[in-house]
Each structure stands twice: as C-alpha cells, then as structure tokens.
Amino acid sequence: MADTPIERPGDLTATALTRRRLLINAGVLAGGVMLAGPLAACGTSTPTSTGGTPKRGGNFRLGVTGGGSGDIIDGQKITTKPDQARLVAGFETLLEYDTNYKLQTTGLAESVTQEAPDKWVIRLKQGITFHNGKTLGADDVIYSLRRISDPKQGLFGTAGLASVDPNNITKVDDRTVRLNLKQADSTIGDQLGQYYNGVVPVGYTRAGEQIGTGAYKVQSFTKGQQSVHVRNTSYWRSGLPYFDTVTIIDFPDVAAQVNALLSGQIDAMTDIPAAQISVARSHSNLAILEGQGADWRPLCMAIDMPPFDDNNVRQAFRLMVDRNAMLQQVFSGHGRIANDLYSPFDPAYDGSLPQRHQDIAQAKSLLSKAGKSNLVVDLHTTDGAAGMVDSANIFASQAKLAGVTVNVKNDPNYYGDQYLKLAFSVDFWGTRNFLPQVANGSIPTAPYNECHWPPSSSNYISLYQQALAEPNAGKRADLIHQMQKLEYEQGGYIIPMFNNLVDAYSTKVGGFNNGSKATLNLDSFGHGYRNIYFTS
Amino acid sequence: MLERPGGTGGPARTGGIRMFILRRILQGLLVLVLVSIVVFAATQALPGDPARAILGRGATPASLAALREQLHLNQPVVQQYLTWATGLLHGDAGRSFAAQEPVSKLLGDRLVNTAFLLLCSGLISIPLSILIGSYAALWRDRPFDVVTSLVTLVFAALPEFVVGVALVVLFATTVFHILPAITLIPPGGRPWEQPIAIILPTLTLVLAVTPYVVRIMRASMVEVLESDYVEMARLKGLPERLVLRRHALPNALGPTFQVIAINLAYLAGGVIVVEYIFNYAGIGGALRDAVSNRDLPVVQAIAMIIAGLYVVLNLLADIATILVTPRLRTRL
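Chains as they are written, first to last, in this note's numbering: chain R, -7 to 528; chain W, -2 to 329.
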C-alpha cells in the first residue's frame, strides 16, 4: 500500500519541474522575452552520459514501481508512477527541461515568446507529425491548452495554466498561437515544459486512440500489468529512436522488481531501495543511475494554530532537526540536506541564506522565551510517500533533546477531513519551481496550504503577484528572494532534505545521463526513450 | 461446516448419494449467501471513503458528491447489498471503481492465470503427498520416514514468502541463474505458453501444501495399517500389495481428502502472497491492489470467488470421501 502514494495534481514522488531559466539565458528583449534556438548548455555540474555504441533494435523492458487497476494512458495526466513512464513514450511538450533543469526549445515549439506580461506567442517547429500521420499544427496546440484548462477534465496542468483564458487563444497562422492571459503571468513557459502538459491532436480523448508525437506509439496496454510501445517510424527527430519496442511493466512489489532485474528479465528499474543498491553494484552487468531530485517531505507547522502561532516555537522546531542524520536514516544518504525552503532548482532560489543546523541550546532558549518549555505536540503522518513516517519518527527522537515530546500519529485516513486542518503534520511534494509551488501550497488560494501561510501582516501575497507579473528575470528573482526570506525567517515548513532519484539498469543499455537534475526517474526515462539504446 | 465422515454420525439418511450431493449443494449455496452478507458488511466497514480514495487529495466537495452518487454510495446499505447480490446472480459483479471497467473484464484473464497456477500446484502436490505419506507410514521409523518427517515439519513451519524468496535466490538471482525470477505473462497471453516461468511459483505452492497433506496421510495410513481389517486381510494371506491398494489406501484417503480440500482452498488465499513475490498477474495481485484503492466491487468479487472455491472443494472432498469409504456409502 505504501508503494502507491496518494496522488495530488502535479505531484508524484518524482515529478514536476521547472523554471524559466531560459529567460535568464535568453536575456530580456525589448518589451518581452524570447526563448529561441537550442541554448548553449552551461551547467555547473555536467551530467555524464553512460557510454557504448548505439545499436538499433531490441525490446527495452522497463520495470516501474507501483501501478494497478487505476493505471491510465493520457497525454496530459497520470495517476500512478507507471503512467509517467507511459506518458513520455508517446507524448511530448512544447518546451523541454534539460539535464541541468533549464528550459530549452528542444521540444515541439521553435520558440515561446512573452510579448507582453499577459501575452505569449508559441511558434511550432515544421514537419512534426502525429502517430497517425497528421501534421502538428496550431489547432492541435489550441485544443491541447483548452483541454488542460478545462476543470472538468481534472488534469494536472489546470492549476498551473489558470491564467490562460481558453476562449482567448488565437491562431495566428498554421504554426503560431497567441495566448491572451486573464492576468500577467511569467510562468507560462515553465508550465509548457511540464511533462504532463503533453500536446495531443484535435479531438483527443483518453478513451480514444493514444496518438501523440512521441518516439513510441502504444501497441497494447493492460492496466496494472504492462504496456508495449512500438517505434514511431516517422519520428521527427531523424535517426531516433533506437529500440524496436519498449515494454513497461508494473511492479507493485519492489522486491520482485529487483529480482527481475537481477535475473535479467528487465533491463532497467525505477526506485531501487537503498538496501539493494550495493547488491546491484556488485553485479558486473548492472549499474546505478542517480539523479538529483527535488522532492520534499515537509513537517508542516500551521502558523495560526497553537503552539506554532508563536514564531519562536517555529524557529525552535527548525533548529531541533539534525538534517544530516535524518537524510542518512530516511534515504540512506541519497539526497541533499535542505534549508526549510523549497524549489532548489529554481534559478531564483536564494542559496545565500545561511544553512540551518541543529542547535539544541538555541532551540531551548527560544522555547523558554515563548514560555513553551517541555512542550507536548502531536505530529500527524501517513504512509503516503516514502519517508513520511520515518521522518516523523526521527524528528520525534531528535526533539527529545530539546525537551519536546512529539507524539507521532500514523493515520491511514490522514488525507481525510482533517487534512490541512492540523497544527503539525507531514506531507509530500514533487519538484516544482518557486512561483508555481507558491500557487499550490503557500497562499490562501492554494489548494494545499498546510501551514496556513502567509501571516496576515506580511506583504508576501503582494510580492507574489508582482513576481508573477514581472517579465524581467532579474527583477523577478529579487522579488522571489524577498518571499523566500520571509519563509526562511517566519515560515511553517521544516524541510530537512531533498531526496535523489535512484534507479538501476543493465549496462547493456547506454545513453542515460547520470547525475542529472531530474524530475522523472531514469533520466526522465531516457528523455522519452529517444536517447537510450542497447550497446553493441 | 464440514460433515466429518466416519464420525459419530447421525441416523442414517435415505436417498442415496444423489440426495446427499443435492443436500450438500443446497448447503453450499446457503453458505455462499451468508458469506456474501459477511463480505458485503466487511467491505462496508473498511476504513476510508472509496470516493475520497479514488479522487485522492485532489477531491473537491463537488467531485466527491458526484462520485458518491455515481457509485451509489448514497443509497441505504441494504439496497446497495440487494443491487450487488442481484447483479452477482446475473453474472454481473459491477464496475471497478479504480479501473472504471466491468469487474469481469478486469478479473477474467487474471482468474484464468490463478486457476492454472492452483491446478498445477494441486496436480503435483496431491499425488506426491499421498505417495510420500503412504510410504512414510509403511516404512515407519525407517530413514525415509524420519527424513520426510523432518523435512515436512520444516516446510510446514516456513511461510510461503520465505520459501518463495529462497527459491528465487537459489534458482534465479544469486546462486544459479537458470529460472526466471518473476512470471511475466504478456497481456492476452496464457501462463501455459511459458511453462518455465511458472516453475518457481508452482514449486512454492507445492512446498506450502505438501507437508500438511503428507503428515495427515502418514498419520491416517499408520492408523489404518494397525486396524483390525488390515490385520485380517494380511492373515487371510492376501498379497501385501493388494492389502495396501484395496484395503488400506482407500480408508486412509478419507480423512486426507478433507485436508487436501482445506489446503487447496487455503492455496487460493496463499496464492496472493506467491503472486506478489513473482509479480504473477492473478487475482491475488488484483485483490491487493483493490484493497489499497478501496475498490470495493473488486474486493467483493474476489472474496466471493475464494468463498465459492472453498464450498466447491469441500463438496468435492466430501463426495470423494464417501466414494472411497464403503462404510459411509452404504449408510446414505
């Protein structure tokens, strides 16, 4: 049961992404920002590609953790982790994130331009066809965006594209679309790069034929078991992909998944458990792929509920955490410690704020200042995503040092009526850039604001609105830094760490990027299976 | 639940074997009706709200209300039960909440896969355990008996998942690499199309069931071999082979059939663990998935299938016991 996290729009244990780094890279043009041309990769840490000479053909068998009768294939939605693996085989986005988490025009769009704070223009590449031979055109983009905007569809992208006015998307010509927004929004480019905002043809439905532009088309699909995808012979990226077929198999049990890999029945698997990593490493024909993830499991303190309505208590709790110890114990060290701030891949992430470390003396003094020494609090958690229960228990043991008694309540019905109404709880989030994350979790209109942030006296919301409307990346970063400072000093989240995505694969498969900043497992599934191959 | 043959016995009933079977079938149906009520009540008592489980954290009050309506969760419980039970009688187990398709479509292939696994395990374990048990009794306290006694005790004590994992380590992943670690049945494919892939799951189930049957067969055989009529048969000068085949074996089989039935029915439950270990696409995996999704129609359907299997196996065991036991046959 624990293998299937409860879904939330945009979040799986490994997911969503992004930021408008390209705006920074592309520079600011007069009156707008232009995203064009493949931008030179300029990364701090360069992911390394796994080697070997590509060989054509073969059946790539991938085991994905989780899945069940709730599996779907849809170019714009997932419910289980295998759905992610299936979506990216058949569907592509207008913009794409590279291995350094920068938005690039390597997707279906030749350019995406912010003409004005509330106007965006999308220009498609030429000569891209769908699996059924139909040419990709402006009408398909309009249909795709309208489908995402339709709240009745219940798609992940709906919240992120809330500023798009579905009745005010205009076709400029066969390859050009203009979005006239309801309000200024500089995050549209980010949204267009989210893997779940795939482009589908006019008239597409989930129940109908699965037609996208991706490297592989669906041949068969059985929920909870497996799907087979065959090579798209008229794929627009010439020479790609390499495999004849991709078979995606559901594994509710991770032990069976590891066994299948060890015995050579699958060629790659997602989410190898920490205890099995050394086993896989000891096999000469297996290798580990580790991507930097930015998923997080916050401990959430509601800032308007006692005892957390006193900022001294919130700061004391943040100082009680031994982040390194927690990272070791929860994720066996496969991750990075965090500083109570989310969206570390965002170019506007403020890395200059001092890293918080455990400081029991200071925590005790803050608690006594608040008149809350010898506190007793309940911490609510559930088996919703890996690490949620462990984090709570480890926090409870660390809090003892500061004289605080934390009673962990592991509740299978956590996501029931009490969710978001608790003073102290654990939750989980996927990878997302700062402003889209704020829209989802840190303002009163956000659907999942666990901490009831921000305080009524702060100017956080006004900063958010300014940042959203600010097309200049540098100025926007300044606004975001002010918001992050507010959260760093007064916020309700304890964010101890970000976990990595750790996968395993057979060394006869080449083309994976190791160490990439990834939102999906296995280097975003070899970028829709187009970059990976069997080596000869 | 069981009418133990050869027990204290009531007054002899009339009507012969046909009436007996008819009576047992009617009793079985009654049991199934009672089970259906229990299953329905139990699934209603599962913690959590299915509508919320399906919609996840994205649930809005409006979408929750709409889904509850669609799933008939607003109807009175008795009416929900009657709708469901009537559907079952018409062969309609309802629609899966999670998959949004008929339960029969969801379970059809999986049921075939599980049935085949159970059949293979039964066909191997039953003759094997009767054989081993008989010889152990015959060669009581000799090396064969001592060794089987020890081995069966060990395997009886080990849970299936330990046996299954050990077999995988031994034959698939670590020691030898000769058998597949998991069973991949492509959609639309059948398990018998790839016999190699079902060796390990079958072996696990055989090892789970055989020890019990061996032990009861041995005990039963020992008792029979010490009985007056076997002694009489021997004294009559009948050849030992004939004594065993005509007199000892049939009498020893009676109680064994009951244990076999219970064990095979147990397999239908134990198969859930085994399917999990081998990623075998059967009803066990579907049950696990359905429970975590609060997919009540699927949970109910599988519970009814397993209950039905219990009833059928017990019926068959009773009939078989009657047929091999002249004493009981004549009393009908």
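Just so you know, the hints here were simulated from the structure itself, not pulled from any lab data. A few of these clues could be false.
Computed list of chain R residues with no C-beta within reach of chain W, every gap over 12 Å [what the hints assert, rightly or not]:
no., residue
1, Ile203
2, Asp242
3, Val271
4, Asp296
5, Tyr407
6, Glu462
Some, not all, of what chain R presents toward chain W, calculated at C-beta under 8 Å [as the list claims (entries may be wrong)]:
no., residue
7, Gly60
8, Ser61
9, Pro109
10, Ser212
11, Pro244
12, Asn251
13, Lys477
14, Tyr480
15, Glu481
These numbers come from a predicted model, not from an experiment. Even glycine gets a Cβ: it sits at the ideal position worked out from N, Cα and C.
A quick look at each hint next to the structure:
With a minimum CB-CB distance of about 20 Å to chain W, isoleucine 203 of chain R clears the 12 Å threshold, and the non-interface call stands. Separation of aspartate 242 of chain R from chain W is inadequate, the least Cβ-Cβ distance of about 8 Å not exceeding the 12 Å criterion. Annotated as non-interface, valine 271 of chain R brings its C-beta within 12 Å of a C-beta of chain W; the closest such distance is 9 Å. For aspartate 296 of chain R, the condition that its CB be more than 12 Å from all CB atoms of chain W holds, with the nearest at approximately 21 Å.
Distance check for tyrosine 407 of chain R against chain W: the nearest CB is about 5 Å away, which does not clear 12 Å, and the non-interface claim fails. The Cβ of glutamate 462 of chain R sits about 30 Å from the closest Cβ of chain W, beyond the 12 Å cut-off, so the non-interface label holds. Taking 8 Å as the C-beta contact cut-off toward chain W, the hint placing glycine 60 of chain R at the interface holds, the least distance being around 4 Å. Proximity of serine 61 of chain R to chain W holds as hinted, the smallest CB-CB distance being about 4 Å (cut-off 8 Å).
Interface hint status for proline 109 of chain R: violated, as the beta-carbon distance to the closest one in chain W is roughly 29 Å, over 8 Å. For serine 212 of chain R, the interface hint holds, the least distance from its beta-carbon to any beta-carbon of chain W being 6 Å, beneath 8 Å. Interface restraint check: proline 244 of chain R against chain W, minimum CB-CB distance 6 Å, threshold 8 Å, status holds. Because the closest C-beta pair between asparagine 251 of chain R and chain W is about 4 Å apart, less than 8 Å, the hint holds.
Because the closest C-beta pair between lysine 477 of chain R and chain W is about 29 Å apart, greater than 8 Å, the hint is violated. Restraint check, tyrosine 480 of chain R versus chain W: the minimum CB separation of about 26 Å is more than 8 Å; hint violated. The interface hint given for glutamate 481 of chain R is broken, as the beta carbon of that residue sits about 29 Å from the closest beta carbon of chain W, more than 8 Å.
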